[in-house]
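Peer 1: Those sequence lines, one after another, are chains U and W.
-6 is the number of the first residue of the first sequence in this note's numbering; add one for each residue after it.
-6 is the number of the first residue of the second sequence in this note's numbering; add one for each residue after it.
It is worth saying that the hints were derived from the structure and are not from the lab.
Just to be clear, a hint being listed does not mean it is correct.
To be verified - Capping the alpha-carbon separation at 25 Å, the derived lysine-lysine pairs in DSS-like fashion look like this: (1) U:Lys298 to U:Lys330; (2) W:Lys433 to U:Lys171; (3) W:Lys171 to U:Lys57; (4) U:Lys433 to W:Lys171; (5) U:Lys433 to W:Lys51.
2 protein chains.
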Amino acid sequence: MITDEMLRQLRKVITSSARVLTDKADLVSYSYDASFGSYIPDLVLQPISAEEVSGVVKAANHWKVPIYPRGRGTSLSGGPLPVHGGIVLDCSQWNQKLIIDSDDTVAIVSPGVITAEIDHAASKHGLMYPPDPSSAHVSTIGGNLAENAGGPRGLKYGVTKDYVLGLEVVTPEGEIIKTGGRTIKNVTGYDLTKLIVGSEGTLGVITEATLKLIPRPQAAQTMMVIFDDIVDAGKAISSVLTSGLLPSKMEIMDQSSIVAVEAYEPIGLPLDVDAIILIEMDGHPIAIGDECEQVKKVCLAVGAKEVIIAADDESASRLWKARKLVSPAIVRKKPTKISEDATIPRSKIPEMFKRLKEIKEKYDIDLVVFGHAGDGNLHPNIITDKRDREEMRRVEKAVEEIFATAIQLGGTLSGEHGIGTMKTPFMEMELGEAGLDMMKRIKLVWDPNNIMNPGKIFPESKDQRLVLIND
Amino acid sequence: MITDEMLRQLRKVITSSARVLTDKADLVSYSYDASFGSYIPDLVLQPISAEEVSGVVKAANHWKVPIYPRGRGTSLSGGPLPVHGGIVLDCSQWNQKLIIDSDDTVAIVSPGVITAEIDHAASKHGLMYPPDPSSAHVSTIGGNLAENAGGPRGLKYGVTKDYVLGLEVVTPEGEIIKTGGRTIKNVTGYDLTKLIVGSEGTLGVITEATLKLIPRPQAAQTMMVIFDDIVDAGKAISSVLTSGLLPSKMEIMDQSSIVAVEAYEPIGLPLDVDAIILIEMDGHPIAIGDECEQVKKVCLAVGAKEVIIAADDESASRLWKARKLVSPAIVRKKPTKISEDATIPRSKIPEMFKRLKEIKEKYDIDLVVFGHAGDGNLHPNIITDKRDREEMRRVEKAVEEIFATAIQLGGTLSGEHGIGTMKTPFMEMELGEAGLDMMKRIKLVWDPNNIMNPGKIFPESKDQRLVLIND
Chain U
-6 MITDEMLRQL RKVITSSARV LTDKADLVSY SYDASFGSYI PDLVLQPISA EEVSGVVKAA
54 NHWKVPIYPR GRGTSLSGGP LPVHGGIVLD CSQWNQKLII DSDDTVAIVS PGVITAEIDH
114 AASKHGLMYP PDPSSAHVST IGGNLAENAG GPRGLKYGVT KDYVLGLEVV TPEGEIIKTG
174 GRTIKNVTGY DLTKLIVGSE GTLGVITEAT LKLIPRPQAA QTMMVIFDDI VDAGKAISSV
234 LTSGLLPSKM EIMDQSSIVA VEAYEPIGLP LDVDAIILIE MDGHPIAIGD ECEQVKKVCL
294 AVGAKEVIIA ADDESASRLW KARKLVSPAI VRKKPTKISE DATIPRSKIP EMFKRLKEIK
354 EKYDIDLVVF GHAGDGNLHP NIITDKRDRE EMRRVEKAVE EIFATAIQLG GTLSGEHGIG
414 TMKTPFMEME LGEAGLDMMK RIKLVWDPNN IMNPGKIFPE SKDQRLVLIN D
Chain W
-6 MITDEMLRQL RKVITSSARV LTDKADLVSY SYDASFGSYI PDLVLQPISA EEVSGVVKAA
54 NHWKVPIYPR GRGTSLSGGP LPVHGGIVLD CSQWNQKLII DSDDTVAIVS PGVITAEIDH
114 AASKHGLMYP PDPSSAHVST IGGNLAENAG GPRGLKYGVT KDYVLGLEVV TPEGEIIKTG
174 GRTIKNVTGY DLTKLIVGSE GTLGVITEAT LKLIPRPQAA QTMMVIFDDI VDAGKAISSV
234 LTSGLLPSKM EIMDQSSIVA VEAYEPIGLP LDVDAIILIE MDGHPIAIGD ECEQVKKVCL
294 AVGAKEVIIA ADDESASRLW KARKLVSPAI VRKKPTKISE DATIPRSKIP EMFKRLKEIK
354 EKYDIDLVVF GHAGDGNLHP NIITDKRDRE EMRRVEKAVE EIFATAIQLG GTLSGEHGIG
414 TMKTPFMEME LGEAGLDMMK RIKLVWDPNN IMNPGKIFPE SKDQRLVLIN D
């Protein structure tokens, strides 16, 4: 797909040969992400300036060769997969710019900066960059922006999109544009910033971002709430959030998650319970103690078995470690993990748990549920083995049913992982024909040659189905 | 423009003749808003269902007749003005739906609901709808959504857009679509919700919205910080916001504003000062007292003359009343008020004050400055008399220079009022040709016949200029 003549021209745009990868071994390492499927690109380029991206995109648009922007490849939905061959634009080397402007309380970053480093840099100025996806220590801000990454702190502080004030973007035709700016408020024309954040690289390449920072909370306290019935846990979440309290995190773990974690590394979680909720309150040091007591009272009133307030930072860290260990713990049983993020209105959490249990039994699969309970963003995880084709077919059906259930309960296909390649067949089910059409129109008019990350978000045929394994 | 045959067909869509206004007297009352210019529509319709809107829009699209959605007409930028004649779609009668779902902490509203009523209804459930534009007791949520209205609480809580989870929208071709949903997190495809909020009615008619509510803060405290030099006020704002404190409001009034208010109604503001900042802290009752003390310390350290913490709710209310009185107070001198909302990065507040002073002297105009200092969203107001044509020409030049200055300082044309008819000539100055073109493409592909609120946001000719008075 990439001719010698094309390569010659691209080498004029990216003159450092170290940043033009053509070796088969290199290409293979860009063929996958943290989701499913493997597709080898024809070429990998590592740009470090908007001008380089512009040059590459203009050429690719002229030749009608697909381009796939990529960060560190931690996508759980197939965002950076080069499904139709062509050029992977690896922005992970482009980490040179990380400026904290404490007067304007903003960060200016290049796309390859590791997400956690932004918050770390902000903390030195008493500021915070709140979005905290589990991958924050590995993933790049460019990928976070493309996918609109979430995380536990989303409950109180919102997701990536809520912190983007402005972008520099290379359009699918290679023009460099600026969207938004450096001010908190901006209503000058259409909000292209929030259109591009979360558009999964299909509307352009983000080459710089201006991020909003907020004052860093002065203290935090963690508590574990134990339930004999997961339905009560659902009720407790609503009760806390309508009692004038806003936790910074509110994460649920079902019994299977707890058992898996304790088997993996004994943390001291109670094993004979149906679910636990981990809650973090943050804010003013003299307020949070009182707020934790209020949370405790509310939880006990709706049927919590026990509420344990972490005695010190060490105990708190241990509890949050338990939450982080769920993913590594559950893959010990079988090697393949399908991490879903179907999201439902908060009030439907108990119903969703019931339905997930039915799906688990119906398809005889290993299903573990944990996630960001406070905002209804559950992570049903299916543990399987992709070499077991018979089981994988059942898993595919179960995943389809999870999506359908979420939509039926007034929820959405994806809360924070994105549509990518995996969920395209279900878009019309959620959006309707006219709703999907309005999205397609934007894609078409911005990217007439369909070169920017093709095969993502939009179904490519009417009869496309969920396929977790390449045949 | 509206033929008898068209009217006959539209009466089949909106069967109640009380909601089809054709009398000249009625039409005239829809010819203006709170900005400049007057344009009489051919017809006013008052829909109360998405089906009615769909029927009207389909017909208008077929005939290529312009449609202008309108709430209560409080727009300061000309948003609802029927500049090319046609049909005004008055949604202010459509206030039937205001549902608070406290389990999901959302409100579901029809477009004609008065904004303040949403927060009032939420407060009964311990919840809050934070956006608080000055017009909140008059304006409709539909208008707030179209313009992405802000307000003082924007500093801590964000603007209208930050609270919209989902919309029902009638597209410019009359299709009813749903965007977003009822969940806090949603990354299913492009964010049409945030594209439509703030698009000033140019991409469709909002027929229902699902709004996010948050726990209502339990207490609030107000303080007045007095400065002998407005530059110190600018410094104080940055210092407070980088000291781990996040006020819920932070409003500035310059000397002219203070003098005008005291002349209008004696509140007891200090007259011999250069500026005051009003600050509100909200949150946990035992924390805010301490936080106010911290704010006080920070302000005094950077040169505040005095810090007065309101002793009780009554004193606090009096201070906020002073802020609200600025607008009525300043129009006593001359009848015409041009309220601008050019917004700058916070660090540029002192520089902006200097520049505004220069502009005031250069064009010999009455210029008063107040506004949302915490987020750089100042409101330079020019007080004039539109019958004085010579002065109005000077005012037009001064306004142009305010826009250019804001952009030069890294700011934006509009922080919360919108572009409307007034600021279209300056769009390219801020966005560049390519940036503006990407917005135009969306408009074109969504509304090929340009019937949805034409003449707004986009300049209609290359040589369009700012005109505050119809000749």
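Peer 1: Compare the structure with each hint and give your call.
Peer 2: Tested hints:
A C-alpha spacing of about 31 Å is found between U:Lys298 and U:Lys330, which places the hinted pair above 25 Å, so the restraint is violated. With a C-alpha separation of about 15 Å, the suggested pair W:Lys433 and U:Lys171 falls inside the 25 Å cut-off, and the hint holds. A C-alpha spacing of about 33 Å is found between W:Lys171 and U:Lys57, which places the hinted pair above 25 Å, so the restraint is violated. Distance restraint check for U:Lys433 and W:Lys171: the Cα-Cα separation of roughly 15 Å lies within the 25 Å cut-off, and the hinted pair is therefore satisfied.
As the CA atoms of U:Lys433 and W:Lys51 are separated by approximately 21 Å, the hinted pair is consistent with the 25 Å bound.
When held up to the earlier numbered hints, the structure conflicts with 1 and 3 and fits the remainder.
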